[in-house]
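**Q** Chain residues, written in single-letter form:
Number of protein chains: 2
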Amino acid sequence: MASNRVSVRLVAEVTATKVVDLSHPMYEGMPFWPGGVPFTVTRLRDYPQGCQYHKFEFAENTGTHVDAPSHFVPRKRSIDRIPLEHLVAPAVVIEVASQAATDPDYRLSAADLYAWEAMHGRIAEGCLVFVNTCWSKRFSEPERYLNRGADGKMHFPGLSADAAHLLVQRGVAGVGIDTPSIDYGPSRDFVAHKILLAADIYQIENLANLDVLPVLGATVVVGVLNVQGGSEAQARVFGLLP
Amino acid sequence: MASNRVSVRLVAEVTATKVVDLSHPMYEGMPFWPGGVPFTVTRLRDYPQGCQYHKFEFAENTGTHVDAPSHFVPRKRSIDRIPLEHLVAPAVVIEVASQAATDPDYRLSAADLYAWEAMHGRIAEGCLVFVNTCWSKRFSEPERYLNRGADGKMHFPGLSADAAHLLVQRGVAGVGIDTPSIDYGPSRDFVAHKILLAADIYQIENLANLDVLPVLGATVVVGVLNVQGGSEAQARVFGLLP
Chain U
1 MASNRVSVRL
11 VAEVTATKVV
21 DLSHPMYEGM
31 PFWPGGVPFT
41 VTRLRDYPQG
51 CQYHKFEFAE
61 NTGTHVDAPS
71 HFVPRKRSID
81 RIPLEHLVAP
91 AVVIEVASQA
101 ATDPDYRLSA
111 ADLYAWEAMH
121 GRIAEGCLVF
131 VNTCWSKRFS
141 EPERYLNRGA
151 DGKMHFPGLS
161 ADAAHLLVQR
171 GVAGVGIDTP
181 SIDYGPSRDF
191 VAHKILLAAD
201 IYQIENLANL
211 DVLPVLGATV
221 VVGVLNVQGG
231 SEAQARVFGL
241 LP
Chain D
1 MASNRVSVRL
11 VAEVTATKVV
21 DLSHPMYEGM
31 PFWPGGVPFT
41 VTRLRDYPQG
51 CQYHKFEFAE
61 NTGTHVDAPS
71 HFVPRKRSID
81 RIPLEHLVAP
91 AVVIEVASQA
101 ATDPDYRLSA
111 ADLYAWEAMH
121 GRIAEGCLVF
131 VNTCWSKRFS
141 EPERYLNRGA
151 DGKMHFPGLS
161 ADAAHLLVQR
171 GVAGVGIDTP
181 SIDYGPSRDF
191 VAHKILLAAD
201 IYQIENLANL
211 DVLPVLGATV
221 VVGVLNVQGG
231 SEAQARVFGL
241 LP
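Chains as they are written, first to last, in the working numbering: chain U, 1 to 242; chain D, 1 to 242.
Be a bit skeptical, because a hint or two may be false.
[To be verified] Result set (BS3-like, lysine-lysine): computed pairs, CA atoms no more than 30 Å apart in a straight line:
1) K55/U x K137/D
2) K55/D x K153/U
3) K55/U x K55/D
4) K18/U x K76/U
5) K55/U x K194/D
6) K137/U x K76/D
7) K137/D x K194/D
8) K137/D x K18/D
9) K18/D x K18/U
10) K137/U x K55/D
11) K55/D x K194/U
[What the hints assert, rightly or not] Just some of the chain D residues that point at chain U, by a computed CB distance under 8 Å:
12) V8
13) L10
14) E13
15) V20
16) H71
17) F72
18) P74
19) V88
Just so you know, these hints were derived from the structure itself, not from any lab. Here the structure is a predicted model, which means the values were calculated and not measured. Just so it is clear, CB atoms sit at the ideal spot from N, CA and C, and this is done for glycine as well.
Construct all of the structure, not just a fragment, from the sequences and the given hints.
**A** What follows is the structure in structure tokens.
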């Protein structure tokens with residue numbers, strides 16, 4: 001832990017006057033990955049015994065959470081090895097809400113990223129890239145959020161392999177999305193996961209309120225539980241706005 | 001959740017160039033409150049099945065965590081009702097490390113707070129007050145951290161009732177400490193808990209690295225899991241330094 005004992009220089013100075021919550025609340029009945037472990041709260045004690053006191057159980061990917069590179073790739077960074085300056089970093093927001101509204105299987109393409117860069121400049125090294133699909137508005141309805149089709153597959157937006165490759169080239173710190181996965185619903189090969197995580201770029205999934213972030217100029221703070229050797233863990237994520 | 005959908009104005013503008021981790025890592029074998037639930041990780045899947053995947057189990061107060069006012073006081077704020085501007089707020093740090101080194105049962109007094117104010121000015125409304133006892137350096141040795149005596153009671157520093165009353169008067173947003181509890185180890189009545197939580201002031205316990213924070217000028221971000229109706233929950237806590 002020695003490297004975390006001291007303060008670490010940020011990629012860019014933070015200046016902010018406002019905050020927005022980019023994480024979903026946690027509650028029994030919230031969506032969770034098929035075959036996974038739902039969020040469960042057991043009351044162990046109540047006011048007549050002095051105070052309320054609960055036990056939690058859940059899989060590491062239930063709710064807003066971080067995928068560490070070690071989730072898919074042996075010997076890559078675990079949760080506790082993600083550098084602090086990657087957890088508090090400048091945000092870049094790319095919106096594909098209209099595409100996702102007409103095609104639930106939409107995958108952010110390298111062309112989308114190039115179009116964004118033509119308007120806003122090159123995506124900076126060390127930043128966090130957020131893909132705003134507005135899919136998070138379905139979160140309170142688990143069936144619509146996971147959106148399983150007649151084909152048995154889930155259908156929600158994600159990233160294409162070529163977008164993932166381009167983000168690796170740009171040297172970003174992490175990539176976040178407001179759907180259950182960086183890879184689109186029908187994916188079986190999790191190719192975007194493999195490309196990003198192999199490059200030690202971490203992921204944030206099940207984000208909320210990305211539409212409140214400006215395209216550029218926010219700082220995002222990723223308060224991920226610091227699980228030693230962890231492959232994924234829950235996170236409270238805040239956007240700090242100018 | 002409607003109030004969290006939009007951005008919220010902070011108590012003070014944030015300007016920061018550095019970050020420090022104020023939370024302990026989570027691992028099996030970490031200290032936990034006597035009679036509570038230890039942190040347990042169960043591996044559900046490994047690389048030959050595609051990826052590493054785990055289940056977590058723990059009590060709501062294992063590791064660095066927040067106590068919501070509803071933990072002790074019915075009808076007071078639960079975790080998800082703590083205002084965002086109380087989770088990202090200016091930090092005030094009061095050190096009692098030398099007192100704690102000679103007396104493990106040391107309780108921060110109102111006199112300590114008045115002495116601090118005589119040097120640094122009045123503790124501001126809406127800030128987070130951190131009591132730095134340096135007890136966190138024992139965290140990796142659970143027996144020394146809980147420090148149970150021949151009397152069967154735990155012995156570690158905390159806050160006195162008169163200090164808690166003064167912090168209520170000052171209108172602070174929250175109070176954090178680097179020991180297992182805001183109340184000192186031998187406490188049976190949890191009087192500081194009751195005074196602070198009854199005033200809707202939340203608490204952060206089992207903090208780390210408070211000695212890296214400046215006395216004034218840092219912003220602390222409390223990334224607590226947003227458990228609906230929750231009485232306590234784990235938090236990743238960062239200090240943002242000028």
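**Q** Give a verdict on every hint.
**A** Against the structure, the hints come out as follows:
Among the hinted pairs, K55/U with K137/D is consistent with the structure: their alpha-carbon atoms are about 27 Å apart, no more than 30 Å. Proximity of K55/D to K153/U is assessed by CA-CA distance (about 24 Å); at most 30 Å being required, the pair is judged to hold. For the given pair, K55/U sits about 13 Å from K55/D by alpha-carbon distance, which is consistent with the 30 Å threshold. Proposed proximity of K18/U and K76/U is contradicted: the alpha carbons are some 35 Å apart, above 30 Å.
Our distance criterion of 30 Å between C-alpha atoms is met by K55/U and K194/D, whose separation comes to about 22 Å. A hinted pair counts as satisfied when its Cα atoms are at most 30 Å apart, and K137/U with K76/D qualifies at roughly 29 Å. Simply put, K137/D and K194/D have alpha-carbon atoms about 27 Å apart, close enough for the 30 Å limit, and the pair holds. Restraint check for K137/D and K18/D: the C-alpha separation of about 22 Å stays at or below 30 Å, so the hint holds.
For the given pair, K18/D sits about 19 Å from K18/U by alpha-carbon distance, which is consistent with the 30 Å threshold. Distance hint between K137/U and K55/D is fulfilled; the C-alpha atoms sit about 27 Å from each other, no more than 30 Å. A C-alpha spacing of about 22 Å is found between K55/D and K194/U, which places the hinted pair at or below 30 Å, so the restraint holds. Proximity of V8/D to chain U holds as hinted, the smallest CB-CB distance being about 5 Å (cut-off 8 Å).
Hint on L10/D holds. Least Cβ distance to chain U is approximately 6 Å, under the 8 Å limit. Using the Cβ-Cβ criterion of 8 Å, the hint placing E13/D at the interface with chain U is satisfied: the shortest such distance is roughly 5 Å. Interface hint status for V20/D: upheld, as the beta-carbon distance to the closest one in chain U is roughly 4 Å, under 8 Å. Evaluation of the H71/D hint against chain U yields a held restraint, the C-beta minimum of about 5 Å falling below 8 Å.
The criterion of a C-beta within 8 Å of any C-beta in chain U is met by F72/D, whose closest approach is roughly 5 Å, and the hint holds. At about 6 Å, the closest approach between the beta carbon of P74/D and any beta carbon in chain U falls short of 8 Å, and the interface hint on this residue holds. Proximity of V88/D to chain U holds as hinted, the smallest CB-CB distance being about 5 Å (cut-off 8 Å).
Violated hint for the displayed structure: number 4, the only one.
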